[in-house]
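Undergrad: Each chain is listed here by its residues.
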Amino acid sequence: MPRIPVLFRCGAVLFAALCCGAAQAADPIVLGFVDGLSGSFANVGEAGLRHLQIAVEDVNARGGVLGGRKFEVLSFDTKSSAQEAQLVFKQAVDRGVRYIFQGNGSNVALALSEAVAKNNARDPGQAVLFMNFAAVDPALTNERCNFWHFRLDADSDMKMQAVTNYIARQPGVRKIYLINQDYSFGQSVARTARAMLLAKRPDIQVVGDDLHPMGKVKDFAPYVAKIKASGADTVITGNWGNDINLLVKAGRDAGLAVDYYTYYAGGFGAVSVLGEAGVNHTKQVTIWHPNIGGRGAAEHFQAYRKRFPEGREDLYYAAIRHGVELLAAAIERARSTEPLAVARALEGLRIDQDAGELYVRADNHQVIQPIFLSTLVKANGKDVRFDAEKTGFGFRTDARVEGRDTLLPTACKMQRP
Amino acid sequence: MEFFVVQLLNSLSYGLLLFMLSSGLTLIFSMMGVLNFAHASFYMLGAYFAYQISRYVGFWPALAIAPLLVGALGAMTERFGLRTVHKYGHVAELLFTFGLFYLIEEVVHLVWGRAPVDYRIPQALDFAAFTIFSTSYPAYRVFMMGVSVAMLLGLFLLLTRTRIGTIIQASLTHPHMVEALGHDVPRIFMLVFGGGAALAGVAGVIGGNAFVTEPGMASAVGSIVFVVVVFGGMGSLAGAFVASLFFGAIQTYTVAMDYSLLDLAARLGMGIAADSPVRGLLSVSVAQTAPVLPYLLMVLMLIVRPTGLMGTRET
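Chains as they are written, first to last, in numbering that gives the first Met the number 0: chain Z, 0 to 416; chain W, 0 to 314.
The following block holds chain W by itself, in its conformation from the complex:
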């Protein structure tokens, strides 16, 4: 029971962090129709900016300033980069974001070096928030969850309850109509791109010190976010939310599953000879397959339901 509850909390905090990343990515996808390969790079920039800023003015100002910087950078990327290559079609846009991913990684190498930087959680949050049975739960994780939930609520209210949200939703599906009504659609696209980048930036600020801030963090998290978005259905916020929590749970719970196909075979009464060539493969436990499981599930999803869990598009 203790184990179950602790893992539930762990999976929630990880899943919510994933959602902060995938929500921006999936929004940008519905807007441009192109996957932004550089999205996780904004996550990394958020962490590095926060590290740099927190060295001068502390963590709290960094929590506000770093995402704003990342958001501004994202907006500029859309305004001066993507908008220019847009007329050459989707492939050009895709290649542009792909190149941007490598560019940002190299810039991080040059500025902060190749080794992890010493970005730590603030002293004020470095204590145990509460104890479940005998396991203490760190306050910083609670804080992470709080920030994620607050951002989600804000995003939800912004999209459904405000005028700008209505216009964004409208321009996602009917850009020409919105333009005809006198709204500046390119500007809205820029805002959405900047907003998505800023969300990734927030995730970077609070994820960078909970885990590790290093140049490889973008590619480490980039692939899993990609999987979340495809699995949840491209362009679907609700799908991304469900998929994020689902993969959060998968990654934390599979760690504890030491069962293998060999055990299953034994349970079914099929003995596998000790010198059988398939024995090595069968003895791989679920826990050991945890890192590939998300990709396997993504492939299965694409076969069974190419639009993803809640998506509507086939691309």
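Excised from the complex, chain Z in its bound form:
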């Protein structure tokens, strides 16, 4: 066996020589998209990749950063698994990726965040920065926070605060059913919903609290029968991907008449499934939707449809665009592409985006921005100018919560390098 390692070593030396010899000023800055591109949530991952591509193309079209350096996207498939994510993360590092984008699955994000911290402690010369665009488990910016992780979406507790504040003003809500995926994020949604409802509306009864296996349930009819039997008038769910689509599909088939308060109904496919049946009864809490008003949102929405006409989804993840724009601004501010310098420049950084100004909280690396609660209604060309998934139905803002009102205390004890 002695021959093979030698060959490998030669290859490695050659590769190092090639890679580093070429690392000149005009080299592209590689952003690694590390997410589930196969399996139950592949459609969500693929959509995320398209979002990253269009955001990168926009920055590059403006001339890139540092006077001409362009961004480039490389994708890596985590198969939505935490173990697999750690493996592909090593591959990404080996291929020179210093910035990774991941979002789907807080379990994967927690594993990645730890892998990044370990990698950076072991090898500061190859430090990596983790831009998290959708994993909203509060732990990531609280007890399990780390310096190299930045969360671009609002966390689950911030969103639940907006939802429960809204529900507190709805006297019609009496019985609530919680149904969530059985993993860190779903559990946290259920826990926080209970606690916040108890504080704000003690008269509301939580008539059900289900945790189902994530991405495994293909038929939600039994769950819907259970919701129906409980007499709930409102369902709160953090389900995403196929888990929200199949849930509302089963609900529609059984004629379940409830209001859905969701995190991700505006995502990928749920509106198509619900159609007319979801109008006035489907709400989502997000940091962006096409009808928040303003020129930016409309232009970005239309540009996405034009750029990816074959895609079945619409622009959804504003957080990915925010991530790329924040990186570009931080690289300019730091005058460097070194992840450590960029991370420092990101802290407290403020930029203007579609919904107004957003900034990066320095004490836990959470992006602070407005949160919107919106309801599915018929598109009308005025306040609901854009429909979702070409269905004729779109989201209308019910409440806009300013960034300063979304602030929550953090348990993060940031270890700075």
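Quick caveat, the hints were computed from the structure, so don't treat them as lab data.
Computed from a prediction, not measured in an experiment: that's the story for all the values here.
Hints may be right or wrong, so weigh each one.
To be verified - Heads up, simulated SDA-like pairs for lysine to any residue below, C-alpha to C-alpha not over 20 Å straight-line:
1) Z/K217 - W/T288
2) Z/K217 - W/L11
3) Z/K215 - W/G153
4) Z/K215 - W/I302
5) Z/K217 - W/V116
Starting from the structure of chain Z, add chain W where the hints point.
TA: Relative to chain Z, chain W alone:
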């Protein structure tokens, strides 16, 4: 009451779908003496073929064409694949079907991509068939049950009332005798394999749009079908039928059971301290264990009765 009836219907439609898959698998097992690992892949192919065909000519022709295609593919698998490796024994056959499972999955990745495809139920069946108390029951589910029952009846009549059925039954148990009587046994094996694959194909056509058509559907359903066949008794059609309905019921009813061992302990008057290390384990509800329950039952069955519910073989 409403809840019970609705869940009964849900469990029936799921159980019947399971039976369409397990009937073919158990028939093929009695014939070859080997579990066909790729059986669920034929289910997946049925769904993807139906998706592709229905884009051009609509759902109804697809319902007929897709299973025929899958059946032909199954027959070819037997003729050119299994028959060749048969002489190397059961292990070779097992490995062959195992490899085929991965091969089909990769082919699906290449042709249709890794994301779910947009395979929908036909407009004509997208309405509520009837209302039980206040829950409406979708027509498509009724249709699914109808197709399953029709297939079952057809299969039953074919096996018990026709000449070819008699020959199939005979060649399952006494292949040499049947051959000596002048029948082409390898051809019959090919037909049975193709027929089993076609049944899985039908299940794919009607299950693919009721649930999700994605590359992971074969492995998701494959393991549960395997459990059904082992539990019911390998090679026993009646056993597979009972086991399918039983697991259909288990999967739908356990969802609603929020009881845990902790509740049981409380009922029995045993208080478990809030900081006890076993509390977390005990508080897991029946509903949360639903996904592992079939496997647990299979293991129990193998311990208590290795032949399964109605099986006769020990292997």
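Undergrad: Hint by hint, which ones does this structure get wrong, listed from lowest number up?
TA: Structure breaks hints 3, 4.
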